[in-house]
Amino acid sequence: MIDLVALIVLLVGCFFMFAGTVGMLRLPDVYCRLHAMTKADNLGLLLICMSLALLDGHLRTALLLLLIWLLALLASTVSAHLIARHSRARLPPTGKGPVDYDSAESRQ
Amino acid sequence: MTAALVVDILLGLILVGLAAQVAIGKHLFRAIVFYVAFGLAMALIWARLGAPDLALADAAIGAGLTGALMMVAFRRLVEIDPKQSQAQPRATRGSALAVVIAVLAAAMVATIGLTALSLERQPGEAGLQVLATLPETGLRNPITGVLLAFRGFDTLIEMVVLLTAFVGSRVITTRTRLSVTTISGFELPLVRTLVAVILPLAVLIGMHLLWIGSDQPGGAFQAGSVLAGSGVLLLLTGTLLPASRSRALVRLALVAGVAALCLLVLAPLLQGDAPMAYLGRGSLLFAETAMMVSIAVTLTLLFAGSPSLQAGRS
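Taken in sequence, the protein lines are chains A and B. Note that our numbering gives residue 58 to position 58 of the first sequence, counting from 1, and the numbers run on in steps of one. Add 1000 to the 1-based position in the second sequence for our numbering, that's all there is to it.
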């Protein structure tokens, strides 16, 4: 029974990871990509960690996985913030559709 | 075909694909990013092969620190020659000779591989001897046993290589004024919080890896690279800054690993033993601590591109 729950949680986690990756590859500009990565991947990682903790069944493993997730959350938050800040200084969002990175690069 | 085999084959294909991207990628920066991904894939493969020591070292040094070193080198390269940021370094024009050489090389590798597969597997004599003698050393991690008790000389040479690499980089960069390594936005409270959380944890993990190295996967190389990683973080956030004047303490840290290993080689002579005779676990912990300090300081200074460090903003 626990195995089944863990499997379902794992699959849902994989779905979110996949969605985040597709978003990063397919979305038009850096802001949309960050949006996809930061949200979907953190949730996906949490679900995968939860499923692994369920499969292992020890409190120690569960706490270690939680720590790993929190560290990944912290790192991705700060790096996404820095990337967004850097992009905003160079190519601010216009509010009229995606920022065209290539044409902005070539204008410089 | 089992699921594990499918995963292994996939990992192998990913590794080859990433290696190809690094080698033939048109853009230098892309190649660096692919190299970091290559290091991570390599670490995964070591873990799958049951070599957690190598996986740890590859993740920390191969992916993390080498990646950071290449990124900072790229940034400085672009400062010297802005064209490099868009450069397409190699004009890859296919020549008939290259195809012939590639096919012959592939045939040779395939022949060697197939021959190796068809041979009956021999037990590794050296490995078996290590495992049989390991209890006498009081260690429980065979990797540490090989690195320090059985083949300590190799490790001494490795530390000398690291020191030589640092001295070489100093010779090259001593006349150039390298740019500062801080990132934009390092003054933000969010970044300060990251440092405040990550740094104590990194030091804790480094010490843990050093301490458990005798019995479990870990050791001086892994611990040193984790500490060097936090050194890079401190440089990026401006808490440490490169200093142009060398200091005695830093120089001492740079040679500590080589010096400690030399001591381990010579100390048995005092007792009338042969050089490099095994002195027990305590001596190894001493040598590993010195090596960890040397590795951490050398790698951090390589990133800084300076002979020393100074405190930045508090």
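Calculated from the structure, these hints are not laboratory results. From a predicted model like this one, the values you see are computed outputs, not experimental measurements. Be aware that a few hints might be false.
[What the hints assert, rightly or not] Sample of chain A residues at the chain B side, in silico, Cβ under 8 Å:
| hint | residue |
| --- | --- |
| 1 | T38 |
| 2 | L74 |
| 3 | V78 |
| 4 | H81 |
| 5 | L82 |
| 6 | R85 |
[Said to hold, decoys possible] Counterexamples of contact, computed for chain A against chain B with all Cβ distances above 12 Å:
| hint | residue |
| --- | --- |
| 7 | M1 |
| 8 | D3 |
| 9 | L4 |
| 10 | F16 |
| 11 | M17 |
| 12 | G23 |
| 13 | P28 |
| 14 | R33 |
| 15 | A36 |
| 16 | G57 |
| 17 | L71 |
| 18 | I83 |
| 19 | A84 |
Backbone N, C-alpha and C define an ideal beta-carbon position, used for all residues, glycine too.
Each hint tested on the structure:
Hint on T38 of chain A is violated. Least Cβ distance to chain B is approximately 13 Å, over the 8 Å limit. Taking 8 Å as the C-beta cut-off, the interface hint given for L74 of chain A holds, the closest approach to chain B being about 6 Å. For V78 of chain A, the interface hint holds, since its Cβ comes within 8 Å of a Cβ in chain B; the closest pair sits about 5 Å apart. Because the beta carbon of H81 of chain A sits about 6 Å from the nearest beta carbon in chain B, less than 8 Å, this interface hint is met.
Given the 8 Å rule on beta carbons, the hint for L82 of chain A holds: about 5 Å separates it from the nearest Cβ of chain B. The beta carbon of R85 of chain A is positioned within 8 Å of a beta carbon in chain B (closest approach about 5 Å), and the interface hint is therefore held. Distance check for M1 of chain A against chain B: the nearest CB is about 22 Å away, which clears 12 Å, and the non-interface claim stands. Here D3 of chain A stays apart from chain B, with its beta-carbon at least about 15 Å from theirs, past the 12 Å limit.
Listed as outside the interface, L4 of chain A is consistent with that label: its C-beta sits roughly 18 Å from the nearest C-beta of chain B, beyond the 12 Å cut-off. Against chain B, the non-interface label of F16 of chain A holds: every CB pair exceeds 12 Å, the least being about 20 Å. Look at M17 of chain A: its CB is around 15 Å from the nearest CB on chain B, clear of 12 Å, so calling it non-interface holds up. At roughly 18 Å from the closest C-beta of chain B, the C-beta of G23 of chain A stays outside 12 Å, upholding its exclusion from the interface.
The claim that P28 of chain A lies off the interface holds: its Cβ sits roughly 20 Å from the closest Cβ of chain B, which is beyond the 12 Å cut-off. Distance check for R33 of chain A against chain B: the nearest CB is about 15 Å away, which clears 12 Å, and the non-interface claim stands. Distance to chain B confirms A36 of chain A as a non-interface residue, since its nearest Cβ pair spans about 18 Å, more than 12 Å. Its beta-carbon lying about 21 Å from the closest one in chain B, G57 of chain A satisfies the requirement of being farther than 12 Å from that chain.
A cut-off of 12 Å between C-beta atoms contradicts the statement that L71 of chain A is not in contact with chain B; the least separation is 7 Å. With 12 Å as the threshold on Cβ separation, the claim that I83 of chain A sits away from chain B is violated: the shortest Cβ distance comes to roughly 10 Å. With a closest Cβ-Cβ approach of about 10 Å to chain B, A84 of chain A is found to fall inside the 12 Å limit, against its non-interface label.
Hint violations for this structure: numbers 1, 17, 18, 19, all remaining hints satisfied.
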